[in-house]
Amino acid sequence: MSKITGWTGKMLRVNLTTGSIAVEDTMKYKDFIGGAGIGYKVIFDEVPQGTKAFDEANKIVIGVGPFTGTGVPCSGRTNITSLAPTNPYNAITDSHMGGNFGAFLKFAGWDAIIVEGASKTPVWLRIEDDKVSIEDASNLWGKGVIDTTHELNNVMGKEACIASIGQAGENLVHLSSIVNSVNHSAGGHGGVFGSKKLKAIGVRGTQAVHIAEGKGQEWLKLNEYMLKDIIGANNQHVVPSTPQPWAEYHDKGSRWTAQTALFWGAAEPKVETGECPAGDKNKVGLRTQKAIFDLGPVAEARTIKMGGCHSCPIRCQSNLKVPELEKYGLSGYATSTCIGFINPGTVMVNGFSDGEKQGEVALIAKSLGSRLADDYGIWSNYGQLGRDFKYSYQSGKLKEVLPKEEYDSIPWDLVESGDPGFLVEFYRRIALKEGEFSKLGLGPYWLDKEWNLGKEYWTGYGNNVWSKMAFPKHHSNEAGAQVGVLVNVMFNRDANSHTHMNMIGAGLPIEILKEVAGEVWGSPDALDAPNDYTPMNEYKAKFAKWSLDRNFLHDSITLCNWVWPMTVSPSKSRNYRGDTALEAKFFSLATGIETSEKELDLAAERIATMHRAATIKEMETIDMRNEHDIIPEWVFIDSKNPDAKPFTPGTVMLDREDMQLALTMLYKEYGWDEKTGAPTRATLERLNLKDVADELEKLNLLPK
Amino acid sequence: MFEREIEDFLEKLRTRREFLKVSGKGIVGITVTASVLNLLGCSNPDVGSASAFVTAKGILIAERNKCTGCQRCEMVCTVANDGKVHPLISRIKISRNFNYGDEITDNYRNEDGYFGNFLMTPETCKQCKEPKCAESCPADAISLNEKLGAWTVDKDKCVGCGACAAACPWHMPTIDPESKKSTKCILCGACAENCITGALKIIPWEEVAAMFTRKGYRFS
Ligand code: SF4
Ligand code: SF4
Ligand code: SF4
Chain A
11 MSKITGWTGK MLRVNLTTGS IAVEDTMKYK DFIGGAGIGY KVIFDEVPQG
61 TKAFDEANKI VIGVGPFTGT GVPCSGRTNI TSLAPTNPYN AITDSHMGGN
111 FGAFLKFAGW DAIIVEGASK TPVWLRIEDD KVSIEDASNL WGKGVIDTTH
161 ELNNVMGKEA CIASIGQAGE NLVHLSSIVN SVNHSAGGHG GVFGSKKLKA
211 IGVRGTQAVH IAEGKGQEWL KLNEYMLKDI IGANNQHVVP STPQPWAEYH
261 DKGSRWTAQT ALFWGAAEPK VETGECPAGD KNKVGLRTQK AIFDLGPVAE
311 ARTIKMGGCH SCPIRCQSNL KVPELEKYGL SGYATSTCIG FINPGTVMVN
361 GFSDGEKQGE VALIAKSLGS RLADDYGIWS NYGQLGRDFK YSYQSGKLKE
411 VLPKEEYDSI PWDLVESGDP GFLVEFYRRI ALKEGEFSKL GLGPYWLDKE
461 WNLGKEYWTG YGNNVWSKMA FPKHHSNEAG AQVGVLVNVM FNRDANSHTH
511 MNMIGAGLPI EILKEVAGEV WGSPDALDAP NDYTPMNEYK AKFAKWSLDR
561 NFLHDSITLC NWVWPMTVSP SKSRNYRGDT ALEAKFFSLA TGIETSEKEL
611 DLAAERIATM HRAATIKEME TIDMRNEHDI IPEWVFIDSK NPDAKPFTPG
661 TVMLDREDMQ LALTMLYKEY GWDEKTGAPT RATLERLNLK DVADELEKLN
711 LLPK
Chain S
814 MFEREIEDFL EKLRTRREFL KVSGKGIVGI TVTASVLNLL GCSNPDVGSA
864 SAFVTAKGIL IAERNKCTGC QRCEMVCTVA NDGKVHPLIS RIKISRNFNY
914 GDEITDNYRN EDGYFGNFLM TPETCKQCKE PKCAESCPAD AISLNEKLGA
964 WTVDKDKCVG CGACAAACPW HMPTIDPESK KSTKCILCGA CAENCITGAL
1014 KIIPWEEVAA MFTRKGYRFS
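For the protein sequence lines, the chains are A and S, in the order given. Note that our numbering has the first sequence beginning at 11, numbered continuously upward. Note that our numbering has the second sequence beginning at 814, numbered continuously upward.
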């Protein structure tokens, strides 16, 4: 057999208690592909039942898959797997960051880093190719992400990529993140770094990532095909947002905002996005003018350019000129990942001083907030942090639970008048754990335990909380009805799955989307028109499972699930058909292991099942249906229209019994026990997970 | 003024090309003005942000305001030339000035790079008229390839000493740690062909000629 490529073949194991650094063979995890797959298996195998996120016994796996570093479009992702402090059971989750870290880890010769134990004093991990050392970080403790990174770049050289936590992670704030390259943050696990006194990991690599031997030309061809025929804009929106001569369709919700006379206005000279018709691979990077999508027309003049992750042609991040930030002691430049702009806006519960949602003050506030959050390393919890603040403030809860002195010390006039300066107070108090207020950083479940937020908090539709796992909803009943709900149900944090959403929201007419659904999942009935949902059927179950599996695959291989998979395309000559086998095609070229779409889907199913097994082990129950897969009340209520009935046009409310049927059908697709939703021995063995079955059986967690 | 600029540019272009054809001696970057760029079909209305390189295939234009730092040009360069992804040896360099531009200064928050004003410059071999790389090579491994119009490393002769990398004022050649050979740009154009925003662009000679002719200028 020819040499296996794609992977470097080596993983690092670093024990911070003993200071030992060991090298392991990645190939023993080959069945789990990489990233999250390796992470789930390592945590399942090695972290004892009952361990909490911040315990020394918890481990954290920072890993990438065979795609990262090989130049597959949108493969600049890093996956981080560990127990999650926000989860009521501290169950396993994976967080993800883009930027340069993952690719640079590969260039240094590593597929993953397993960090275990805990140091007594602050440390950072220095990786320069094969040279790995644990270094003293006492001078960095207490510093923000940017200063930390800068100091470590001074040590390692300006090219090194540094992933670091800010003060939030150090202070074990549940909602904290790990950040690399300014604004690329992995949410939820910053505190795990903090609990291990691990401030940062710096990587510098000078090696190659090999693709299969002799496959360079094929790689170039596949790349060309993808960029010309298949890829769309951000979130795989495949039609422009405005009518354009070349385009048959347009959709105003599309992030394909490029158009004539729309510019990166602060570029010198300005850059016109122009029309970027399908087929022109030299314009893919201009399609997504994300600043105006996120911040409105005022952002055009401030757009320096679009940024994004290593290898990604989509560029979904706005890099802006905002000199007003200098007033707050920051540089006059701002940037953010997708959610970062939205969350500070949500914190400004009373709007902005100029009264405009997409005006200058809103732009300044959102830029300021995102810069602060990224520097402190605070996670927005998919916007929930802002919503939790809003609920606590507006319901009077904050006044009730905060000591009077503390309450009075908060400059409420700023939030009342819509002054961005409020955000300086908001983020500092949370990151530095100042007072009772900072408990907002605990996340919904633990915050409720502390402040008793009440039933309304949990059932209010606008609060978005997914009980009882206590994470925010993420493309649920409004996104494919039962499909979206099933996707949300499976996770231990917000679903972060766009497999289903990008297809539904691609911008193509529903007739075309239904045809595609028929081809991919066996029947057009897998998909309904938005706000006009029909009862559950087996094709929806297939759609849901496929969405989940591809998400798990992307987090393992490692690819961006905001853009992948390529279910549809912008190409009229292809009749808008995407190519769901692209992952397999790239996999074969990257690794040299000829692999079909079906084979890769099986690996994806294995990883999804592994996640389930780990959750069962950590929750110490097999009754997933009643203990884990709980669907929140608001899914069954239409708060805007109390008389609405499920499956009538105009409502996204669903039916209780129908959703139980949906669960049963999904379990069936996976071959899990239909009563409990736990994987059976037969299924585990079919997926080559006999050792997992044995372990679960030993723990009495295998369905009879 | 406008006329003068164009004439001047055409003259430079002509002499460089002639130089290239006749003596086979190389290529130099020319700063391009707005009017010239417009004539070349670039919508770039500003002066000084773009540089043009006269190559055997056409004019290579690099516009820094359009570079998004995706680093795909580096990947494509090394897959095309080396069959692997290896930014260190990429003949076009982005990664090395991605974070802080040319160097880290105390004022980095306001200077080039992702930690500053977000700007980064795609750097590539300038195919010097009198290349320091070739001059310094003890093995005589670097010579002008007439077909490519580029200073090219003869892999058989190269002993991987790194003198070329050290001698080049911009440190463009890099020694591949695996093959122990010097890598430098041969103007294959893969980077430009695959740049996602058209920040790098090769305008073929036929098009350059056609565009000038259309506007009433003579260009041969
Ligand atoms: S491909 Fe183009 S946009 Fe991307 S880094 Fe290279 S020059 Fe910049
Ligand atoms: S490698 Fe450097 S010295 Fe040699 S031709 Fe290129 S730019 Fe000039
Ligand atoms: S590395 Fe090779 S090409 Fe460069 S100077 Fe040494 S022998 Fe010449």
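By construction, these hints were calculated from the structure, which means they are not laboratory data. Built from N, CA and C at the ideal position, the CB exists for glycine as well. Each hint should be verified, as a subset may be incorrect.
Computed footprint of chain S on chain A; a stretch qualifies when at least three of its residues, placed anywhere within it, have a C-beta under 8 Å from a C-beta of chain S [claimed, not checked]:
{"#": "1", "region": "285-293"}
{"#": "2", "region": "318-327"}
{"#": "3", "region": "390-397"}
These are the hints, each one checked on the structure:
1. 285-293: holds (count 3)
2. 318-327: Check passed, 6 qualifying residues.
3. 390-397: Since three or more residues must qualify, the claim that chain S covers the region 390-397 of chain A is violated, with 0 doing so at under 8 Å.
Hint 3 from the earlier list is the only one contradicted by this structure; the remaining hints agree with it.
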